[in-house]
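*Asks:* Read off the chains here:
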Amino acid sequence: QKEVEQNSGPLSVPEGAIASLNCTYSDRGSQSFFWYRQYSGKSPELIMSIYSNGDKEDGRFTAQLNKASQYVSLLIRDSQPSDSATYLCAVNRVNRDDKIIFGKGTRLHILP
Amino acid sequence: NAGVTQTPKFQVLKTGQSMTLQCAQDMNHNSMYWYRQDPGMGLRLIYYSASEGTTDKGEVPNGYNVSRLNKREFSLRLESAAPSQTSVYFCASRETGGQPQHFGDGTRLSIL
Chain A
205 QKEVEQNSGP LSVPEGAIAS LNCTYSDRGS QSFFWYRQYS GKSPELIMSI
255 YSNGDKEDGR FTAQLNKASQ YVSLLIRDSQ PSDSATYLCA VNRVNRDDKI
305 IFGKGTRLHI LP
Chain B
151 NAGVTQTPKF QVLKTGQSMT LQCAQDMNHN SMYWYRQDPG MGLRLIYYSA
201 SEGTTDKGEV PNGYNVSRLN KREFSLRLES AAPSQTSVYF CASRETGGQP
251 QHFGDGTRLS IL
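For the record, the sequence lines run as chains A and B.
Taking the numbering used here, the leading residue of the first sequence gets 205, the next gets one more, and so forth.
Taking the numbering used here, the leading residue of the second sequence gets 151, the next gets one more, and so forth.
Take the hints with a grain of salt, since some may be wrong.
[To be verified] Covered by chain B, per the in silico footprint, the following chain A stretches (three or more residues, Cβ under 8 Å):
(1) 234-242
(2) 249-259
(3) 301-310
[Said to hold, decoys possible] Sample of chain B residues lacking proximity to chain A, with all beta carbon distances greater than 10 Å (derived):
(4) 167
(5) 181
(6) 191
(7) 213
(8) 227
(9) 252
Think of the hints as simulated: they come from the structure by calculation, not from any bench.
Being a predicted model, the structure only gives us computed values, none of them experimental.
All residues carry an ideal CB built from backbone N, CA and C; glycine is no exception.
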């Protein structure tokens, strides 16, 4: 089992709809979770950090964390064509070795 | 405010040649990381340094060496380049304690 798993996609969502991206992780000791957006040919940029169970909202983005089920998700409301990118989930084992492990990323395509 | 600076941005090597990728950050961060990104593979951790004077292996360390020269600089060395090391290399830094990473613009390396 890979440490961090994401569906590679592509995930196609109509403009204005909600895009839902999911990520599962294997290490129960993980404590910090991040979502990054990466445009083609560019470096990853941070969208959301989440550290405790529940929802965290920032504008059109909502991150959800469920440590018991070992998954973290990202919802994008009112999807825009500019949201078309690859979304990377990253997991940090803070109290073990401080590694940050990334999933392979999900390609999101917003249909105009 | 430069953030994380990587040099060079592009490089072409022949098999067997050596080179060092440079990374410097001006945010006074404790932790620094080297990742490689191949198509469809997300970001894979090569080496990281949780603090000045320490380095640890990541997921794919074979064929690489690193040096944490001081708090600002973290270099990645390929002693004898192989075509399998053709990739985009990203350097990242962050404060410790579960904070998110800041990424450089990447080095695109081709090995013929």
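*Asks:* Evaluate each hint against the coordinates.
*Replies:* Here is how each hint holds up against the structure:
no.	hint	verdict
1	234-242	holds (count 3)
2	249-259	holds (count 4)
3	301-310	holds (count 9)
4	167	25 Å, holds
5	181	7 Å, violated
6	191	6 Å, violated
7	213	19 Å, holds
8	227	21 Å, holds
9	252	8 Å, violated
Hint compliance for this structure: hints 5, 6 and 9 are broken, all remaining hints hold.
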